[in-house]
Structure formats: structure tokens, C-alpha cells
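Asker: Here the structure of chain H is known, so what remains is to put chain R in place on it, guided by the hints.
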Amino acid sequence: MLDAIVAEWLKLRSLRSNLYLLAFSALSVLICAGVTFMVVRGFDTQLGDNRLRFTSLGAGMGNGLPVAYFVMGALGALSITSEHATGLIRTSLVAVPRRQAFLFAKIPALAAVTLVAGEVLVFGMHFVTQAVLGDRSGQVLIDGRTLGASLTDPGVVAGLLVAGAAMPLVAMVGLGLGTLIRSTAGSLVALIMILFVLPIVVQTLPQPTGPQIGSFMMANLPDQIVAGEESGILSPIAALALLLAYPVVALTAGAVAIAVRGRGLRPLLVGGLMAALLVSVTAIPSSAAAATLPWKACEGDLECAAVQVPVDWSKPSGRKISLRIARLPATGTHRKIGTVFAVPGGPGGSGIDDLKKSGGNFTQLRQHFDVVTFEPRNTTDLGVIPFDCFATGPWITVPGNRTEYDRLAAKNRKYAEQCRKADPEYFDNLDSGSVARDIEAIRDALGGEKLSLLATSYGGVVATTYARLFSGSVRAVYIDGGVDHLADPAIHLRIRYEAIEGQFARLSAWCESSDACALRGRDVGAVWRGLTAAADRSPVPVKGTQVAYSGFDFKVAAAPDVISPGPAPDFPNWQRFARVVDQAVKGDASGFADFVEQATKTKKVPSFRGMDATHCTDGTGFDSYEEFQRMKALGQQFSPNFAGNELWHPLGCVGWPAPVTNPPKPLPADQLPPFLGAGTWTDHADVASAVSGVPGSSTVRYNGSGHGLYLTGNQCTISHANRYLTFLRLPPKGTVCEPPTVK
Amino acid sequence: MIEVTALTMRYGDALAVDDLSFAVKPGVVTGFLGPNGAGKSTTMRVILGLEAPDSGSALVGGRPYGSLKKPMLEVGALLDAGAVHGGRSAAAHLWCLARSNGIGRGRVGEVLELVGLADVADRRIAGFSLGMRQRLGIAAALLGDPGVLMFDEPVNGLDPEGIRWIRELMRLLADEGRTVLVSSHLMGEMALTADHVVVIGRGRLIVDTPMPDLVERFQRGVLVRAAAPRALADVLRASGASVREEDGGLSVTGLDAARIGELALGRGIALRELTPRSASLEEAFMELTEESVQFGAGRAA
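For the protein sequence lines, the chains are H and R, in the order given. Take the first sequence: its position 639, counting from 1, is numbered 639 in this note's numbering, and each next residue is one higher. Just add 743 to the spot in the second sequence (first one is 1) and you have this note's numbering.
Please keep in mind that the hints were generated in silico from the structure rather than gathered at the bench. Keep in mind that the hints are not guaranteed to be accurate.
[To be verified] Listing some non-contacts, in silico: residues in chain H with all C-beta distances to chain R over 10 angstroms:
(1) S17
(2) G42
(3) A112
(4) R413
[To be verified] A partial selection of chain H residues facing chain R, derived with a Cβ cut-off under 8 angstroms:
(5) G87
(6) T91
(7) L93
From the three backbone atoms N, C-alpha and C, an ideal C-beta is built for every residue, glycine too.
Just chain H, with the same shape it has in the complex:
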């Protein structure tokens, strides 16, 4: 047998046409270079978000690989069809009369040559693509992939090695087909059918049949073996088995055919069994039994279901409430990675409302994930506590002394009890810890896979609480504009004040240069400080009412406008701020009262009891009057323009009737994957502080105003978040997203 094998190596080597054929396979590298060059030209003419819409070139083999496969398959086919065409087969079979031995003797030389050539080619394709891409290669795209992928990226080297190793397998398929068909032309047509035509034809089949059948196509199998960014439909082991089954089937067929022709039919049981075994591996379900939740279509793409959770998690068998959950099911044909769980902000927001409004932003994520969310137990309009009760509350005043502090406590408690009496057990269990436990119950109901959390705003507190309580259930945590629940209160205070001061400076700069600013030409800071300081001594009346605004009231009402100027270039909220300040300076606070009333139905911003029900049990409030005083003093120190504003939330908790059940505690950092945070000018520092609890975490800083980036559709941030959620790849520290260029 060894003699025959060496002889076949000599045969392969002694034909110049084989050398030409191998040289021709270098075309695949040229194709990669050419296609990449076209992509680069297109990329360079695009700006901003349009660049995110490009399709990843991955490891860079995409366009050349089929050509290389075809050449290797042709080499395999020709190694036997050329013997038939020339008649050499008769001479060969006289020299090696055992026909199957003759056929199998061709395998080692063919495999060795095509393996070496294949690996050279795939690395050639990769390097050429990378060279043409240059530093564009690292551009993160909207689906979370990068335009190119370097050898240092996970799975790239393995992916290249596998693609190269598939070359001998294709050559074996060619050899088997050639043995079966005998004619060169016929074999090449069969190869073209298998490698090019069938994969294209099945693409035209409807979803999901087309992609599913497509995943069985030989040319699509290598990508599915390596768990890199090219995740497929089949499990890696199934894809590998199927990839091996192709040559086994082809060679078995060839071996049977060549034996039958010599009338020495020996059924190739081994080959048949192997093929059957390999193919059957693909039938093994790639994921555990699907969860049994009865999903029902509820709105658009959304499917809804409900999960029962105990009202009081300390009494798991006690009274239950039903939480609505919703999902945007995975649409992709790729192998599903799992579930992204969207945690809404507020507290009091509904994740289902978020998905109804912003579901379109999840298009790319849905290629790999079900996106699941819920209406948390503390959703303002859930209905257990009357909406009007949760959506309103007392006006907060800043106590000047302990007596006033106690009086505020009594007022808060009175207001809280008005709501609490509707359902005290429920009211006392609205902390983020209970919400986190609800998420864990939902995870169980979904089938128990680890969750990838996508938390917005106050959802960050829920996410960090969840990560602390259920570190083993966490695959990834992305916190978008989230609140840091964990930092030292003084540090957190400074971060918040610095954020609003920074934004106020931007507002002032805008006002200096914009005719739309009612305060243009004046020193906005001086005007504002004058107004608020004077109002703290002598409140500014709202004309025609008994209501008057203190400096604190002005700050609480103005802060949302200062932080969120509204869309560029008009910045309507900053315009409104300048207008109502101008009016207030003239002695009338009704401009403030009007827009506050539009949003809240009262003339000052109330301390929303629904929100407080979570804040206060999460430990937002002061430990004591002394802590209040200390924070108040720090505010004076940190914030010339908004001192006191940050007291508003904690003051809402003074006298709160329910105990603090979810106080901040450090994360079990060693049990958690690195987090990704993203934040705007006013959120970034807070988010960075929040994710800093887990080493290796990173953030994206958005160079602009606003609150919440994923849900509001910021493409650059979505790209980085998708990359993190899908591939667990973090952007380097200091990554910045610029605002989209104005159309």
C-alpha cells in the first residue's frame, strides 16, 4: 500500500497541469484583494453611521474561499478522471489490481498537497484582506462585528486553520465524485453544483428553510465549526461531523463504484456506517429543550407571556403576582447565543413599552438573541397601587433645621401611607432586589440560560443588584446611562454635580452665540445664581396662584432641561430654560410652573411615590439628619449653580415607611464578566463608576447630551454594545462615540 501511496504522490507531482491548477488557486487571494479594495473605496466615501452599515469581511476569506475550494475539488476529481480520460486507468489498475486500494492510495498525497496549499491560501487571503483594509479593519459595525478581523481576534486563527483544513476534504469529495462519474467535465459540474449552485439556490428558499438547508452545505460548514464571530446554525460538533461526512460519502460511493466495475463488489460497510454516524450527529438538537412559556403574539413583532412571582421574596410560597413579559424573538438564521434581557429605567418604566417604541434598534442583536423584557413590579402604571397615587407625591422642601427635617418626614410618610394602604405587602417589596429576583424567576421560566443584561438608566441599579445576587446567571452586563448604586455617596454626589455643572457651562456657551437664547448677552451663570439665591431667601411667585418657587424648586424643575437640551441645532429645552429664567428674573415663576404642570399636573415637581417606593427601599435616602447636612454642605462645595439639586431624590425618602431592603453592596467581582457601560456627557462618569466595580470593564463615552443611547438609537453606541453582547468584546478604554453628522 505504501508503494501505491508514494506512486500516487509521484503521479500528482509529475503532471505540470496540477502545478498550473494549484497556481490558479492563487486567484482566490487576488479576488479577496479586489473585493476588499472595492469595499475600502466604498467605505472611504461614506461618513459616520453609514460606515456602520457595512458588512464585515471577517477573517477575510469570504470571496476567495469558494474559488479555492473549487480548485482543490477539481484537483481531487482530476486525479482520477484524467486517468479515465487518457486510459491510464487501465495501466494503473494492472499495476495496482486492488481497485479500492488504488483509489485510497490517492488520498494521502492529495490530502497533503491540498492541506498545505489550502492553509497557504487562507492565510494569504487573510493577510491580503487585512493589508488592503489597513486600520479600517478594526471599525466596529452595527451588528457588533468589525470590518476586518486580525489574527489576535478570538477564533480567527482557528477559523483560518479550519477553512484551510477543509480543502483536503473538498479534494476528497472531488476524488469520490471523479471516481463515481469518471468524466472530468461531469465531475467539475457536480463540484460546481455542490460548492456554488446549491448554496445559492437554497438561499432563495423561504425563511427559515433556506438558511437551515444552507447550513448543511459543504461550503458553509467550516464557518460553523469555530466559535468565533462567524457563528452558524449548526453546533460546532454537528458542523464538523457533517463536513467530514461529505468526503466519507463521496469516497464510499466512489469506492463502491470502482469495485462494482471490477465486478468485485464488497459493500463498503465501514464507509456507509461512518457516513450515517456523522450525519446523525447533526440531528442532535443543538440546544436544550425549549422553554415551555406559552408565548402569544401581542403587538407587532412582540410576543407576550406572563410569569408568576411571589410578592414577598422572603415568603416564596406566599401570595403571587403575575408579571407580563415580552420578547422580540431571534430572527437570525445564526445559531442563537441566548437571551438579551432589557431592564428598563425609571424606576417605574415598562420594558415592554420600551420595546414597542424602540424595538427597531434590536434588529442586529436579534440575529443572535431573543430580546426579552418585562413590566417590573414597580412599573408606575402596573395597577396594583392606583396610578394616580404612584404618579404624584409631595412637594419637597430643603429642611433648614432638624425640626423642618422631621416635618418633611411626617409629610412624606403621610403621602406614602396613602398609597401603601392599598396593598402594604406589595408596597414594601418594590425594591430593586425584588425586581432582580423576578428577573431570575423569568430566567428560569425561559429555560435557565445565562442572561445578557441590557440595562437603561435606573435599570443599572437592577442590573448590578442582579449581578450581585445571581452572579452565576450573568453572561454579560451592558449599562446604558445607568445610575451608580454602589459608589461612596460623597463621590457619587460629586459626579452628579460635575455632570450638571458641565452641562450648564455648555448651555451658557450656547447662549452666548445663539439668538434663540432669551438671555443672550447676559452672563447666564450670574443671572441663574442671582435668581436662585434670591428665591431661596424670598420665593418667586407664580402669577395668579398662591404658589411660589424657591431656588431649590427652580433647580429641580430646570435640571431636566439643562441636562437634555433637545435636538440640535435648536435645543428647544435650553431655549425654554432661558425663556422661563428670563421671566422668573422679572418676578414671575409661571413659565416654570406651566411646563412642570404639563408633565406632572402640579405646579412644582412632586416627589413621585412610585419612584420613591423603589429609591427608598434601595437606600437612596439619608441615614440620618447628619448625613443630610453633610451632603448639603458638599453640594455647596461642588456646585455653584445647582447646589441642593441632588438632595431632591434622597429627601423624598425621609420618613419613608418601608425599610431599606436592598442597600448598596459591593459586587462579587471575581465571579462576574467585565461589564460595558455607555453614557452621555451627563451620564458617562456615573456609568464608568458603576462598571468600575468589575475589573476589566470598559465604557463608551458619547460626546453629546441626552440620556440613554441604545434605546434612542445611537448607532455608534449600539455597534459597541452589540459587539460586547454578541461576542463579549469590549471596546478599549476611552472609546468615544461622536454625535451623528447632521443630515
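Answerer: Just chain R now, kept in the frame of chain H:
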């Protein structure tokens, strides 16, 4: 030694070889004769394991060809000079074959020298004439220095010099004690080469005999032309021959040419021609295979 026993081979309904038995002995050149389509090539293909017979057996040195580990060391065959890949050089072609049977590289040069292709060893076979390809095929058959050699129509496409070379080669191989089987559809060619003939027609054995016996069987008398034909006729008749006049000469049977010459000399009769006549081997062959010709032209009445 090649033994074919009760060999039957069918292609669909057509019977290519029909209960054929013969043996090819070492030390002689055996001619394998038959008209086109008689089953010669099929039989040789069966001997070489390229075809599996429906029944019967074909053994080489007592074993089926397919069971030979290194068959080229035992059997050398030229079936079809065209069964080569034109893209390889002669040397590469032979080296591939040699290696598959564990034959050393030096042997490639030797056989190329032997068949006279040493000068073109590195040229691609595609440029070879039919004659050169025949020589290459013979070189391949000789690679393993085998004890059994089979040549299917080896002189096709050879020039007269080449034909003579082949004859001498086969003679030489047989003289070395090898078993040599040569097929042809031309009897005349065989007459000059073969010591023994196996004639088949329509897949059946017709004659399996030494060449001299075949010649004997088709003896046709001696043609004599003499200055005094009548006198000579009387003398010959007196010695027991039967003589009839033919075409101005005498056709004599019962005496061989040597005896006729002696008798004529004894009587002082000058001979102008003395030709021993047999049916030409061609004629004999035609006669033998007449009934079995499958593709013969329609016979005139």
C-alpha cells in the same frame, strides 16, 4: 505459465468468451490468434484482473492476478499503448508505475535503454508517435523483469525495423525461459514469431497447437518447373508421387522438395523452379476461423 480454464465472459447478452481453456507455457512464444472481436483482448483483460469472468478462471503462475502483491514483478503486460497520460514524460510515467510495485528507479533507465527511448526519456508522451508509445508500453511491461509477458497487438504502428525488433525481443524473452503470449489478428506475423499458437474465434478455442504442426496440416505439395517436364513426371511417379500438370509446371505431392531435387539430378533434368507449397498461413487461418468470423464481409457466392 498462464492457465485459462473454462473461461466464460458475457457482456450483456453477447458472449465474448465461451468456455475457453488453454495454457501458455514458458520458454516459447505463444501466438494468440483470432479475427477482430474473437475475444483475445477480453481474455487478456480477464487474465490481468481488469475484468471479472462470469465463470471459469485465469491464473498466472497458479494464482489469480488480483491476488498478486506486486504484480509487475510477475507479469508484464502491454494491453494498449494509448493507456498513458500524455502530460507526463516517459521517465516519469515509468517511475510512477515502478514505484507502485516497489521497483527501483534505476530500472526505469534500463528499460528505456532497452526499448530505445533513452534519448526521449524526459519528453512528454503527448509528442510520441504510435511506435514510440508501443515501445514505451513494452518498457512498462518489462519494468518488473517479470516471468510472464503479455502483448496485445504489439506491432501495431511499428515500422518494419520496429517489427523486427519486437520479434527478436520476444524470441529473446522466450529463450530466457519466460512465458510470452502475443496476440495478433495477422497469421503471417505470427508465423515468423510464434512457436505455438492458440487460435480462437467467437470466444471459442479453435486450435491450440505447435506452429510446425499447423504448417504440416496445411501442406499443399511442391511446384516444380523443369526443362523436361514429362520425363520428370514419369520419374517422380515411379518414386511414388502423384503428379499433375498445372500452369505449365508440375504439382507434386507425396515427395518433399529435397527428394524431388535428388531424383531430378539423378536423371540430369535441369530444374527451373522447386517450390514447396503450403496453404499460406493466412489461408489456413481464414479456413480455421471462417465459421467464427463475426465481422467478416459478406461472402461472394
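Asker: Determine for every hint whether it applies to the structure shown.
Answerer: Each hint tested on the structure:
Separation of S17/H from chain R is inadequate, the least Cβ-Cβ distance of about 5 angstroms not exceeding the 10 angstroms criterion. Every CB of chain R lies more than 10 angstroms from the CB of G42/H, the least distance being 44 angstroms, so the non-interface label holds. Chain R leaves A112/H outside its interface by the beta-carbon criterion, the shortest separation being 16 angstroms against a cut-off of 10 angstroms. Every CB of chain R is more than 10 angstroms from the CB of R413/H (nearest about 98 angstroms), matching its label as outside the interface.
A distance limit of 8 angstroms between C-beta atoms decides the matter here; for G87/H the minimum to chain R is near 4 angstroms, and the interface restraint holds. Because the closest C-beta pair between T91/H and chain R is about 4 angstroms apart, less than 8 angstroms, the hint holds. At about 6 angstroms, the closest approach between the beta carbon of L93/H and any beta carbon in chain R falls short of 8 angstroms, and the interface hint on this residue holds.
Violation of the numbered hints given earlier is confined to hint 1; every other hint is satisfied by the structure.
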